[in-house]
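For this one, chain A is given, so just place chain B on it according to the hints.
If you're matching them up, the sequences are chains A and B in order. Sequential numbering from 1 applies to the first sequence in the working numbering. Sequential numbering from 1 applies to the second sequence in the working numbering.
None of these hints come from the bench; they were simulated from the model. Small disclaimer: the values here were computed from a predicted structure and weren't measured. Each residue gets a CB set at the ideal place from its N, CA and C atoms; glycine is no exception. Accuracy of the hints is not assured; some may be wrong.
What the hints assert, rightly or not - Partial list, computed: chain B residues near chain A (C-beta under 7 Å):
#, residue
1, Leu26
2, Gly79
3, Gly273
4, Val288
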Amino acid sequence: MHDPTTQNHFVAPVATESISIDAVRIAEKPRNLWRDAWTDLRRRPLFWFSVVLALFFLAMALWPTLFTSTPPNSDCQLSNSNAGPTEGHPLGFTFQGCDIYARVVWGAQTSLAVGLLATAISSILGLIMGAIAGFYGGWLDSLLSRIGDIFFAIPYILAAVVVMTVFSQYRSVPVLAIAIGGFAWASTARVVRAEVLRVRQSDFVVASRALGRSKFATLVGHVIPNALAPLLVVSTLSLAASIVAEATLSFLGVGLGSDTMSWGNDIGAAQSSLRVAPMALIYPSIALTLAVLAFVTLGELIRDAIDPRARARR
Amino acid sequence: MLGYILRRLLQVIPVFFGATLLIYFLVFAMPGDPILALFGDRTPNPAVVAQLREQYHLNDPFLVQYWYYITGVFQGDLGTTFSGRPVSTVLAETLPVTGRLAVMAIGIEFVLAIIIGTISALRKGKLFDHTMLMVALVALAIPIFVVAFLAQYFLAIKLGWFKPTVGSDNDWGGLWLPAIVLGFSLYAVSMRLMRSSVIDTLNQDWVRTAYSKGLSRGRVIPVHVLRNSLIPVITNSATNFGVLLVGATVTEGIFNVPGVGNTLYQAAIRNEGPTVVSFVTVFVILYVLVNLIIDLLYGLLDPRIRYA
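This is chain A alone, in the form it adopts within the complex:
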């Protein structure tokens, strides 16, 4: 066995005054998209800021009892209505006399659950539709792209408003996620299709076909893995968008029922007493904005990191 790292290149390194020509650095790992992106990302403070923020909200959603021991719903006393902060209740109380801090902590669950599920739905649908349309082309592409156009023509929040009004008896996290994700996939499909069209031209795809792998196996084994970078970006951004969608729908009163803890519900409920108790509205708004900010920032930084043209604009 010979060690590839010690193998010498057959052209001797030619040293000139300032550069050495053709010095092949075999010991170095080959560069690729993800490695370059990671090198770029880990140097950016904003990236770590958004990662920490995202993990913080994830922890809040998974283990709310780590953050507060006050039950968010059962401990409400009307005598505390709109009261200011007291010992153990750092953010004061809502109109109903519930602890704002506890409700903000418990609200993270709803936002992230709906957001993640809706994003999973739109990403999987978008991946399947976009990959098939881009890879097989022909009439299948025309058909799937036209279907995508139809969904694209309906702003997905409005579509979700219709779905949630129509199915008002069945308001739950999965139904809301389907209402959002089921209409948001068209833009994901467009991005995936464009990327698959680009990857399809690559030599390794031709090689895979020439070696006798079927079209489907080539698509799944080679094309899709190489087309995932833009999908990651779109998915992160659509997670942010889905969290906004959930909050907007809950705020409009067509999201989850008012007994569910959700930042959107709490903001909607606090609007009537905005003049006297603005804080009941402002705290959940801050939590919502920070959560969205974390995922928007993350998605945009990843997009910049995998796109060399965006790096040049900095």
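Chain B alone, transformed into the frame defined by chain A:
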């Protein structure tokens, strides 16, 4: 050009029917019997029920019902609201208000985005640029109803610069606060598009040529750079129109602007299914039409699009 228009019109037809059919299907799937719901708690006479079912074509297959509905839409019959008024009458009253709000919001968005985007691009990497990019990032993340409430609380209630709600004072002057909120929600994407577009344009050969033939910065930037950088911002307003429609629903609801969005907002809050569906359909039709118009204009402006 004629070929382009025809091609684009042919594309829009399946989208139009597909989108309205999709929404109509959702209503079709709505649980509960609409005729029985008309009678409330009383038990209706079966003969009356049968007659009403016939009258509203409820015994026909789905596609036939859709056909009745869509021919009605083309004749201006968009259904009736929950309180029994024709949707078209409500639209005639509310569309002008929403139109004014949209024009003001888009105006605010464009002026801010073009000015700040250009300055940011010219000072790429400087403090101003970094600050404005951060502002845009936050503007992108903050949901519009949060902006609306913050503006309502701080600008209207605390500082008293504006009236907290609009109500009947919905002339151009009365709509400033909701227009600022709506414009701000559209601003971030446009500003960043403008910035990257100007940066790309500045690197073009013909900009260097313009400088090297001795033109001043004051002439190159506005005439050569800005004009050529505007296209992405204008094209984006087609996609942005969807954001505008959702944003108008929320802002009109919060500031009590008597526009189309507010009608949808009130219907959603009160859970009035048929009204919600009628107005969402109106929004989808508007969205498809506006996208068509912007595409046609774009083809008019840029010959490369026509022949693609």
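Verification of the hints:
| no. | hint | verdict |
| --- | --- | --- |
| 1 | Leu26 | 5 Å, holds |
| 2 | Gly79 | 14 Å, violated |
| 3 | Gly273 | 5 Å, holds |
| 4 | Val288 | 5 Å, holds |
Consistency with the previously given hints fails for number 2 only.
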